[in-house]
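Listed below, chain by chain, are the residues.
4 protein chains.
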Amino acid sequence: MMSELTPRTYRLIISCPDKVGIVARVTQFIAEYDGSLMEANNHTDMDSQWFFMRCVISAESLKCSLLEFEEYFSPVADEYSMKWYIRDSMVKQKVVLLASHASHCLADLLYRWHSGELDCDIPCVISNHENLRSMVEWHGIPFHHVIVDKNNRDASFQKVEDIIERHEADTVVLARYMQIIPPSLCKKYEGRLINIHHSFLPSFIGANPYQKAFERGVKLIGATSHYVTPDLDEGPIIDQDVVRVNHRHNKDELVRLGKDVEKSVLSRALRNHLDDRVIVSGNKTVVFD
Amino acid sequence: MMSELTPRTYRLIISCPDKVGIVARVTQFIAEYDGSLMEANNHTDMDSQWFFMRCVISAESLKCSLLEFEEYFSPVADEYSMKWYIRDSMVKQKVVLLASHASHCLADLLYRWHSGELDCDIPCVISNHENLRSMVEWHGIPFHHVIVDKNNRDASFQKVEDIIERHEADTVVLARYMQIIPPSLCKKYEGRLINIHHSFLPSFIGANPYQKAFERGVKLIGATSHYVTPDLDEGPIIDQDVVRVNHRHNKDELVRLGKDVEKSVLSRALRNHLDDRVIVSGNKTVVFD
Amino acid sequence: MMSELTPRTYRLIISCPDKVGIVARVTQFIAEYDGSLMEANNHTDMDSQWFFMRCVISAESLKCSLLEFEEYFSPVADEYSMKWYIRDSMVKQKVVLLASHASHCLADLLYRWHSGELDCDIPCVISNHENLRSMVEWHGIPFHHVIVDKNNRDASFQKVEDIIERHEADTVVLARYMQIIPPSLCKKYEGRLINIHHSFLPSFIGANPYQKAFERGVKLIGATSHYVTPDLDEGPIIDQDVVRVNHRHNKDELVRLGKDVEKSVLSRALRNHLDDRVIVSGNKTVVFD
Amino acid sequence: MMSELTPRTYRLIISCPDKVGIVARVTQFIAEYDGSLMEANNHTDMDSQWFFMRCVISAESLKCSLLEFEEYFSPVADEYSMKWYIRDSMVKQKVVLLASHASHCLADLLYRWHSGELDCDIPCVISNHENLRSMVEWHGIPFHHVIVDKNNRDASFQKVEDIIERHEADTVVLARYMQIIPPSLCKKYEGRLINIHHSFLPSFIGANPYQKAFERGVKLIGATSHYVTPDLDEGPIIDQDVVRVNHRHNKDELVRLGKDVEKSVLSRALRNHLDDRVIVSGNKTVVFD
Chain H
1 MMSELTPRTY
11 RLIISCPDKV
21 GIVARVTQFI
31 AEYDGSLMEA
41 NNHTDMDSQW
51 FFMRCVISAE
61 SLKCSLLEFE
71 EYFSPVADEY
81 SMKWYIRDSM
91 VKQKVVLLAS
101 HASHCLADLL
111 YRWHSGELDC
121 DIPCVISNHE
131 NLRSMVEWHG
141 IPFHHVIVDK
151 NNRDASFQKV
161 EDIIERHEAD
171 TVVLARYMQI
181 IPPSLCKKYE
191 GRLINIHHSF
201 LPSFIGANPY
211 QKAFERGVKL
221 IGATSHYVTP
231 DLDEGPIIDQ
241 DVVRVNHRHN
251 KDELVRLGKD
261 VEKSVLSRAL
271 RNHLDDRVIV
281 SGNKTVVFD
Chain Z
1 MMSELTPRTY
11 RLIISCPDKV
21 GIVARVTQFI
31 AEYDGSLMEA
41 NNHTDMDSQW
51 FFMRCVISAE
61 SLKCSLLEFE
71 EYFSPVADEY
81 SMKWYIRDSM
91 VKQKVVLLAS
101 HASHCLADLL
111 YRWHSGELDC
121 DIPCVISNHE
131 NLRSMVEWHG
141 IPFHHVIVDK
151 NNRDASFQKV
161 EDIIERHEAD
171 TVVLARYMQI
181 IPPSLCKKYE
191 GRLINIHHSF
201 LPSFIGANPY
211 QKAFERGVKL
221 IGATSHYVTP
231 DLDEGPIIDQ
241 DVVRVNHRHN
251 KDELVRLGKD
261 VEKSVLSRAL
271 RNHLDDRVIV
281 SGNKTVVFD
Chain F
1 MMSELTPRTY
11 RLIISCPDKV
21 GIVARVTQFI
31 AEYDGSLMEA
41 NNHTDMDSQW
51 FFMRCVISAE
61 SLKCSLLEFE
71 EYFSPVADEY
81 SMKWYIRDSM
91 VKQKVVLLAS
101 HASHCLADLL
111 YRWHSGELDC
121 DIPCVISNHE
131 NLRSMVEWHG
141 IPFHHVIVDK
151 NNRDASFQKV
161 EDIIERHEAD
171 TVVLARYMQI
181 IPPSLCKKYE
191 GRLINIHHSF
201 LPSFIGANPY
211 QKAFERGVKL
221 IGATSHYVTP
231 DLDEGPIIDQ
241 DVVRVNHRHN
251 KDELVRLGKD
261 VEKSVLSRAL
271 RNHLDDRVIV
281 SGNKTVVFD
Chain U
1 MMSELTPRTY
11 RLIISCPDKV
21 GIVARVTQFI
31 AEYDGSLMEA
41 NNHTDMDSQW
51 FFMRCVISAE
61 SLKCSLLEFE
71 EYFSPVADEY
81 SMKWYIRDSM
91 VKQKVVLLAS
101 HASHCLADLL
111 YRWHSGELDC
121 DIPCVISNHE
131 NLRSMVEWHG
141 IPFHHVIVDK
151 NNRDASFQKV
161 EDIIERHEAD
171 TVVLARYMQI
181 IPPSLCKKYE
191 GRLINIHHSF
201 LPSFIGANPY
211 QKAFERGVKL
221 IGATSHYVTP
231 DLDEGPIIDQ
241 DVVRVNHRHN
251 KDELVRLGKD
261 VEKSVLSRAL
271 RNHLDDRVIV
281 SGNKTVVFD
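Protein chains in written order, with UniProt numbering: chain H, 1 to 289; chain Z, 1 to 289; chain F, 1 to 289; chain U, 1 to 289.
One thing to keep in mind: the hints can contain errors.
The list makes no distinction among identical chains, and a pair is therefore deemed to hold if it is satisfied within one copy or across any two copies.
[Claimed, not checked] Derived pair list, reagent style DSBU-like, types lysine-lysine, alpha-carbon separation capped at 35 Å: (1) 19 with 63; (2) 159 with 63; (3) 63 with 150; (4) 92 with 159; (5) 150 with 19; (6) 212 with 63; (7) 187 with 63; (8) 284 with 94; (9) 187 with 159.
Derived from the structure by calculation, the hints contain no laboratory data.
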């Protein structure tokens, strides 16, 4: 659906030490090849003096190929010590979803994918429970049931990792997976492994955040989507949101109201990630939305 | 302004162990004296099996006086082991404001009071700085400058307490006072001492919450109004709110954006408190708004 | 799911001319039969001097049956000229959903029903398009395809009405049905026919609201759920919400962002309606949430 | 306050027909003079194929003066048929405020100005009532009382215009002025005359929007800040916001709750306008915030 309506673009993402003239150098390079700039955002982190940029170039307008662009741009990138990549909007990212027993985030992402709202491929879903198989398979997506054995977590996660690898995942999403990911897997998918935590971090880190929120008597509950790092719930935050609650809401109602926040925060974070709008900056993110 | 437009009411506030027939008993009592019920709210906390009620009675309709009501209602209250009071909307609470150097919360409360939006008297403002004197005095309110001596906090707070006492404060508001209140004062004004904390509690307890929020890279910043208890930032939460921020906002901008949230949360909390809409329930609040 | 966890209750809904002593009379009646009041809300519309009340009674506590309650309460109701009903929370309402080509609201309601979040039965879905059949049938719900013939709308809507009747619908939801409902059907299901309009009413009444919002350059777009009356988009509003947009959003993006608002507003409105929290008051609603 | 803490910048604002290479040309020009780009935003309106850009240049870094920049940049601007200007952040805009009887928006703007949050000069306040004189004069700002004579509006507004002219206003703000501005004045201050309308436009255009909102039974009320044009309430919208209301709020309470929305929307719009973040695009605005 999207691919037909949306014009093909190349997204150029750059981060490097700040310096006078970077924007000029990059945009001039694009203009040299007749690239029409459809969107351009940049930001300098003043503390670290680090520069971030996202350019969206109309593919049709560019008079060189993507491979040539990469080749010709390399010396420019080197000159400024850039960390960079360029992505073709027509090449969909492969996103593997991990879920547990709760269906809300998974169902929401599958719906958005199925209706063309999430521009990616979903090669498979992995879960440690069987209950969501039918829903996943109705969408025509393979479902892998991998039990997490408490006494042999390493072997279990090796299976998970093998499946992710086999499907050549670009991005992995923990759609309320509820398992702690081994540090090695966190590192392998650094900046590409997205979690939804069911609280407004850094409040209520760890297990049972709704119970803790209920006990503390907060007047808003929230959800946080972040990149996973080996430090539990401490990775760079991509997006957050909250919903108002009051004394009439018991813990079950916080859970129910929280689900909608989780869904919207996770889908928004994933959408921005897939659009290359999120750049990790230390333990924070720059989000060009 | 309010007193002219708003009809005189009596507000009856009750909390007691839950039991069948309380609402009937209370509302029947009011009806016996022809009291017209303009608003009635109740709530039962399921965990503690505790009952909370707020009734607003048209003063004009009631065929007994407030004193008589108190006398006649006493046996009913005893029967149900009620903690209760009834307040005449025409008798304004005396609210003493404590401030430090920052003006935003104080100016906001003074404006709302001056324009008739906050239905109370403000007998004085106490501050450990001189800079806000002129603004306070323009409103016709006495300004007391009490320096908090780090080496003799006890004596300093004795002065503060004396002023509060002398003005017969019903309620004390810390409008960004930035000083830790001695436990004895917290206890004396339990449930009547309101603070605004410049974070979405329980995130960023203690000093410099905006700096911490900036470092953590949160995507929303907030403010929390709560009753002060001897445990710093741990008292019952009255109200909270948040505002969206992003990577472009540095710490100063978080401070600036946060000010508006602090102002609105504190004024809303105080307004509800003055309307007897807030009832403390353990370490939480019931807010009938 | 709900039925197992949530205690059985009776919901008593009352509206009548305001008078001293109604709350007392109703709650005393409930107390006479040992009914434990789990929730009680009331409101008096000052303009019309009309009184509204919703009581939730623990079914287990009540020492008479529902039928007996109805019989015994009748004289009380007559005395106060009450319009009233009492509903058993265990008897699920039958909700017929009408949809067109767009899937988002329908998919959202089906998901919430399937996961136990919406406490009702869905006897069937009616659509003027075939495209959502598979999704509906996966949920085990019959799908009726009724083409709306522009040259014979009466006959088409007679078919729709027959299906609704046959399934004994308590409530009908237009989940982006996009057809104008005949006045006779509006009247037959008055106060039970719910629509979602894809704008913040009364802005952008009628067709193409997102296009109009785009052209006007508004900075927030919204959605409105309301009871349908013969006057297009003019019925009593149940709920509304908005989302922030900016100059970067073209019309397609307004449509995309609006979908999430439509989904949440419609599901919230329906949920409150099913909980008997919504009472029509002239062309407005009282919503006890 | 701001001027000491914030580094001096030049803000370059451009709008012109879209073309390949504009960003490159502009940023290269800036880089040629060693200008360090602190912020850069651009947007292309796809319908009109019009390009908008805002660059913030560190004044210290630029090796030419502002006058020289204007001179040297002129040929570039001509080449692309740019409408453009560059503004020194150290030269404060002169903002004349017009108010009527209601104090909330005026008091809010004065507070923000006084506390250094609004980076402008306020040479005077003009009002058709006397009641706010003392508040204005406490801030050290001249107050002009100009009665609007219903039978001679032309003469009245000539006086208003004369005062605005005499104070060399860059921007004029209608802080709930409640008078219809003559078309000639609208045109003279096109894109520099800001109004706050007390509804979520285009809902409730014209007089008494809160009364209309109350009668329609909306569940959110709002406010809209827009540039004034001769068409009442139809000018380009700068910002909007809403607040949730319910059946318990009567018209007076809508007014009270609306005041806070009006204050925050107007101050945010004015702040963005003063920061040159708002560019008019037909009957819409591009807001680079």
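We went through each hint and held it up to the structure:
Taking the shortest Cα distances, residue 19 and residue 63 sit within 35 Å of each other both inside one copy (28 Å) and across copies (16 Å). Taking identical chains as interchangeable, the C-alpha atoms of residue 159 and residue 63 are never at most 35 Å apart, the minima being 45 Å within one chain and 58 Å between chains. In the homo-oligomer, the alpha carbons of residue 63 and residue 150 never lie at most 35 Å apart, since the shortest distance is 56 Å inside one protomer and 50 Å across protomers. For the homomeric pair residue 92 and residue 159, the shortest alpha-carbon distance inside one copy (25 Å) is at most 35 Å, but the shortest distance between copies (44 Å) is not.
For a Cα distance limit of 35 Å, the shortest separation of residue 150 from residue 19 qualifies neither inside one copy, at 51 Å, nor across copies, at 46 Å. In this homomeric assembly, residue 212 and residue 63 never come within 35 Å of each other (Cα to Cα): the closest approach is 57 Å inside a single copy and 37 Å across copies. Proximity of residue 187 and residue 63 under a CA criterion of 35 Å is satisfied in neither setting, with 38 Å inside one chain copy and 45 Å between copies. In this homomeric assembly, residue 284 and residue 94 come within 35 Å of each other (Cα to Cα) only inside a single copy, at 24 Å, whereas the closest approach across copies is 39 Å.
Proximity of residue 187 to residue 159 under the C-alpha cut-off of 35 Å is restricted to the intra-copy arrangement: shortest distance 17 Å within a copy versus 58 Å between copies.
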